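Single-letter residue listing:
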Amino acid sequence: GQQVMQIPQYQHVQEGEDFTTYCNSSTTLSNIQWYKQRPGGHPVFLIQLVKSGEVKKQKRLTFQFGEAKKNSSLHITATQTTDVGTYFCAGATGGGNKLTFGTGTQLKVEL
Amino acid sequence: DAGVTQSPTHLIKTRGQHVTLRCSPISGHKSVSWYQQVLGQGPQFIFQYYEKEERGRGNFPDRFSARQFPNYSSELNVNALLLGDSALYLCASSLARGVGNSPLHFGNGTRLTVT
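Those protein sequence lines, which keep their order, are chains R and W.
Just so it is clear: in the first sequence, position 92 is 97 by this note's numbering, and no numbers are missing.
Just so it is clear: in the second sequence, position 49 is 52 by this note's numbering, and no numbers are missing.
Just chain R, same shape as in the assembly:
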């Protein structure tokens, strides 16, 4: 079945450093969504990318969808302690009828 892998699994950074997580799907995706889950919380939707090569920005966060629609990345510039959490990508297939979450990247930010 479809697999969605993320690397790295964990990342510790100093506040102010940049952070990137990569998402790779075994199959071509209809779209990709990104979620953030704070410790003890539930996943919260961040963004959805649909078009091949699409790039979207939200303040310090930059999201990219690969040209082949099989990979994606999330880059955070100048991390802050509020960025702490686990970031999940979720790939949609079957015209959006199936959504598979990635393995997640846990981000810790130290002062």
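Please keep in mind that the hints were generated in silico from the structure rather than gathered at the bench.
Treat the hints loosely; a few may be bogus.
To be verified - Keeping only pairs whose Cα atoms sit at most 30 angstroms apart, straight-line, the calculated DSSO-like set for lysine-lysine is:
(1) R:Lys41 - W:Lys33
(2) R:Lys56 - W:Lys16
(3) R:Lys61 - W:Lys33
(4) R:Lys56 - W:Lys33
(5) R:Lys41 - R:Lys113
Said to hold, decoys possible - Some chain W residues close to chain R (C-beta under 7 angstroms, calculated; not the full set):
(6) Ala5
(7) Gly45
(8) Phe72
(9) Gly101
(10) Val102
(11) Gly103
(12) Asn104
(13) Pro106
(14) Asn111
(15) Gly112
As the list claims (entries may be wrong) - Sample of chain R residues facing chain W (criterion: CB under 7 angstroms; computed from the structure):
(16) Gly45
(17) His47
(18) Phe93
(19) Asn102
(20) Thr108
(21) Gly109
It should be emphasised that the depicted structure is a prediction, and the values quoted were computed from it without experimental measurement.
Ideal Cβ positions, reconstructed from N, Cα and C, are used throughout, including at glycine.
Put chain W on the given structure of chain R with help from the hints.
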């Protein structure tokens, strides 16, 4: 507007028992999906319902079942509980018929512990 609400928040059961988890979607959302999240892993898809019809089923045994009511609320039932069923069960509501076509709005989840 209220977000997605789930009940109960925590539950402790013993092996072999059954459990019913409940979810109320955001007003206007007709799609409800259920996910199991084991500590340290991503949410695993269990079921999706749209307009009271099952639209998708993940790779879970028949001990797992669900339904959606006319008011779009939903129940997840798990029979013959196993220790491995211990997890956070998340409910998400969304607007679109396809589970991956619009943002998912998650509830706070039900933490199920099976002893």
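Evaluated hints:
{"no.": "1", "hint": "R:Lys41 - W:Lys33", "result": "23 angstroms, holds"}
{"no.": "2", "hint": "R:Lys56 - W:Lys16", "result": "45 angstroms, violated"}
{"no.": "3", "hint": "R:Lys61 - W:Lys33", "result": "28 angstroms, holds"}
{"no.": "4", "hint": "R:Lys56 - W:Lys33", "result": "26 angstroms, holds"}
{"no.": "5", "hint": "R:Lys41 - R:Lys113", "result": "13 angstroms, holds"}
{"no.": "6", "hint": "Ala5", "result": "15 angstroms, violated"}
{"no.": "7", "hint": "Gly45", "result": "4 angstroms, holds"}
{"no.": "8", "hint": "Phe72", "result": "22 angstroms, violated"}
{"no.": "9", "hint": "Gly101", "result": "3 angstroms, holds"}
{"no.": "10", "hint": "Val102", "result": "5 angstroms, holds"}
{"no.": "11", "hint": "Gly103", "result": "3 angstroms, holds"}
{"no.": "12", "hint": "Asn104", "result": "4 angstroms, holds"}
{"no.": "13", "hint": "Pro106", "result": "4 angstroms, holds"}
{"no.": "14", "hint": "Asn111", "result": "5 angstroms, holds"}
{"no.": "15", "hint": "Gly112", "result": "6 angstroms, holds"}
{"no.": "16", "hint": "Gly45", "result": "10 angstroms, violated"}
{"no.": "17", "hint": "His47", "result": "4 angstroms, holds"}
{"no.": "18", "hint": "Phe93", "result": "5 angstroms, holds"}
{"no.": "19", "hint": "Asn102", "result": "5 angstroms, holds"}
{"no.": "20", "hint": "Thr108", "result": "6 angstroms, holds"}
{"no.": "21", "hint": "Gly109", "result": "5 angstroms, holds"}
In terms of the numbered hints stated before, the structure departs from hints 2, 6, 8 and 16, listed from lowest to highest.
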